[in-house]
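Engineer: Take these sequences, add in the hints, and give me the full structure.
As they're listed, the protein sequences go chains A and B.
In terms of this note's numbering, the first sequence is residues 1 to 553.
In terms of this note's numbering, the second sequence is residues 1001 to 1223.
Simulated from the structure, these hints should not be mistaken for lab results.
Quick caveat, the model's predicted, so the values are computed rather than measured.
Don't take each hint at face value.
Said to hold, decoys possible - Okay, the calculated beta carbon distance ranges per label pair:
1) B:L1029 <-> A:V102: 38 to 44 Å
2) A:A23 <-> B:L1112: 46 to 52 Å
3) B:F1092 <-> A:R171: 38 to 44 Å
To be verified - So these bits of chain B aren't anywhere near chain A, every CB distance computed over 10 Å:
4) L1036
5) G1093
6) F1119
7) S1128
8) G1134
9) A1161
10) A1170
11) P1183
12) A1197
13) I1198
14) A1206
15) A1209
16) R1214
The beta carbon of each residue, even a glycine, is placed where N, CA and C say it ideally should be.
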Amino acid sequence: MTTATAPVTAPRAWRVSSAAGPARLLRIELRRSPMLWLLPVLAVLFYVSTYRPAMDNPPFWNIRSGTIQSHTMLVFAPLLAGAGAWVGSRDGRRGLADLVGVTAVPRWAGQVASWAAAAIWAEALYLAGVAVVYGVTAHQGAWGGPLWWPVTVGAATVAASCAVGFAAGARLPGRFTAGLAALVVFLALAGGAFAIQDNATYAQIWPLNVQGPFPPDSYGIFYPYLPDLAIAQVMFLAGLAAVALGVLGLPAGAGGRWLRAAAAAVTVAGLAAAGTAVGLAGTARVEPHGIVIPALHDAASDRATPYTPACSHGAVPVCLQPAYRAYLPEVTAALGPLLGQLAGLPGAPARVTQVVVTTVTSARENGIGFGGPVISGRPPVLYLPLSGLTLPGEGNAPAAQFTANLTGQDGTAIVNDLVGLPSGAPAGTGVTGVNFELGPRHAAQFAIANALDRVLNLTGPWSVPSGAHPPGRSSGAGTGGNGAAASGSGALAGSGAGARSGAGAGGGAAPSAAQQQAAVDRFATLSAAARHAWLVIHLAALRAGRVTLSEIP
Amino acid sequence: MTAAEIGQATPERARVGGRRRPGSARAGLRLVRLYLASRRVLACLLVLAACAVALRTALHWLPRTGPFSRQIPLIIEAGAAAAIGATARSPFGEPERATGARLPVLRLGVTLVLAGAAFGVLAAGAASAHLAGGALGLLRDLGGLIGIALLAAAVLGGALAWVGPIGYLAVTLPAVAGHWTSPWAWPARPPHDRGAAICAALVFAAGLAAVTLRGARDAPARD
Chain A
1 MTTATAPVTA PRAWRVSSAA GPARLLRIEL RRSPMLWLLP VLAVLFYVST
51 YRPAMDNPPF WNIRSGTIQS HTMLVFAPLL AGAGAWVGSR DGRRGLADLV
101 GVTAVPRWAG QVASWAAAAI WAEALYLAGV AVVYGVTAHQ GAWGGPLWWP
151 VTVGAATVAA SCAVGFAAGA RLPGRFTAGL AALVVFLALA GGAFAIQDNA
201 TYAQIWPLNV QGPFPPDSYG IFYPYLPDLA IAQVMFLAGL AAVALGVLGL
251 PAGAGGRWLR AAAAAVTVAG LAAAGTAVGL AGTARVEPHG IVIPALHDAA
301 SDRATPYTPA CSHGAVPVCL QPAYRAYLPE VTAALGPLLG QLAGLPGAPA
351 RVTQVVVTTV TSARENGIGF GGPVISGRPP VLYLPLSGLT LPGEGNAPAA
401 QFTANLTGQD GTAIVNDLVG LPSGAPAGTG VTGVNFELGP RHAAQFAIAN
451 ALDRVLNLTG PWSVPSGAHP PGRSSGAGTG GNGAAASGSG ALAGSGAGAR
501 SGAGAGGGAA PSAAQQQAAV DRFATLSAAA RHAWLVIHLA ALRAGRVTLS
551 EIP
Chain B
1001 MTAAEIGQAT PERARVGGRR RPGSARAGLR LVRLYLASRR VLACLLVLAA
1051 CAVALRTALH WLPRTGPFSR QIPLIIEAGA AAAIGATARS PFGEPERATG
1101 ARLPVLRLGV TLVLAGAAFG VLAAGAASAH LAGGALGLLR DLGGLIGIAL
1151 LAAAVLGGAL AWVGPIGYLA VTLPAVAGHW TSPWAWPARP PHDRGAAICA
1201 ALVFAAGLAA VTLRGARDAP ARD
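Structural biologist: Right, dumping it as structure tokens:
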């Protein structure tokens, strides 16, 4: 048989569906993605930056999820942008741009497959880390359920970081591109933090921003987690990723006419989404339960989450939200002696109920001020917020510190409220004191409150500050409140003794410091029963400002 | 060249009366020039200059105190360190290592010059502004970050050297606000902290030694 007589067989046509090419390419890219090399590094960084800090805090879903969004993304976003740039610059670095430009699969589809492979590996690691943190949190018995919106924002940040870096690498291939992409993303994150602290409204879109100035333990427990800001952030990040990837499909060599038109549409849609998200973030406002964006807000989120409180069984029961059940002994130990002394007095709380906040005010530098405890209702109920306090186990804080803080801050506020001193004013971050107009008619209230502070050891070593007139002391929720700030200062301003600038402005002759001190000493040296009996009779008059210093036994 | 000539000195390397011929100096300069070109040192210098401009711009806007006054300059310093780490990558790999007898000297010299240039341009960028930590803090932080970049180049490859300083900074940036006490988190320590300075110097020395003696790891085949 010669070649001329050999049977001619038609070459087999390998026809594949149009989607099979990119899918096969994605499988190849998944196997060969350089992101695989970075996964161990990212895993170590996740452990150091997220897992350990998260486990240093009590098992609350809100604290753990906030750590995941802010800490993880601070580490992951720059590194993933750099890795994305490394992946994106591969063809350029290897001199393969012309070669891959003439393959059957359009260039843009190939680039998207490379990005997708890198992003899939990064997402897999991120979600595995989230699973570990949430699994441990669930194992530790956290109340409620995991918060998924912060995780979603993190996942969107991962994809967007990879996309931005990939686009930079594809456009500017070179050995410095990856490092510079990481640096730019790092600077963008730092710039966002700076802008948000500078009260730039649109900077709320910053992906590391969980709930604006709210500390992590102040949302998502009493009320559902407000997803308004998270929705805007996801929209922004998705838009950013779409723009970054869409721009790659615009050049002539990226593909056919329809493909380039699709890339242009993706780019425009991404720009629109990102711009809209930034605009929405500009309308964000601080509400008691989190950040609200009116256009995205769901009224159903304003309904309180039902729960059965965990209560102590003392003379004055203390009832906490079940997420705080573990802290019931500490809260009872902190407030029990005080409440026992005050039990039976007119206006004294008959019950303590934990609330998320009493009042919320915005403060400078992305700060927030929370009001302290409030006594109201009939029978009187003490509404006690714990948000913003350093809980036992938070950052290795001992239980004794929590008890002392609670006694010192909320105990004085309760006494103030009871004797009629101004209370309920919020303490904003950076506020060094809240000045009230206090006149001579408040002198007796000050004396009684100071004496009770001294007897109950609410503020530690007690003394009348020289020159204070009347003697200054912690006053109301304004100073004893749970001040907290996202900026990290978190100072509880003015929680010690502080002179009132308005003292003596109420008209009439103000008593001297010596008279004040004498009244305090007299009342403090009374027996507990005598103090209680006197207060039962005179508390109403004292609150009304009708008791003078000389009438204090 | 015949087989008999193998092993004999090439004309450029031949010595006359114990002195190097004039042509050998020119060859040395050419070797340095080629080495600098292969490492993209000029591009690195441009990146360092850009970092200095970025630092100057940032210092114009930043407050003089607070965490941001430390954190943002540190990020820029990490970028400069990453650029120096990227220059450690050799485009030739094993052939160069097998034939380049003077490579360690070139690596050492170029790395030291680039480190000095980075400090110089960043210090110049911060000259008329307030840099938290001052020049001493800049020297310590930048030196440590360069050391990390060089170590990363030796372990991961020059192209991935940026992973070291960026990753280290991502972990230690919160420490700047949290005032960590470990000297290994030197950016969080005051500029006169001796322990932090020693740790940063050790890391710089280790990185320099690794890159000088071993060079950057060859890029993985699958990148």
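Engineer: Which of the stated hints cannot be reconciled with the structure, identified by number in ascending sequence?
Structural biologist: Those not satisfied are hints 3, 9, 10.
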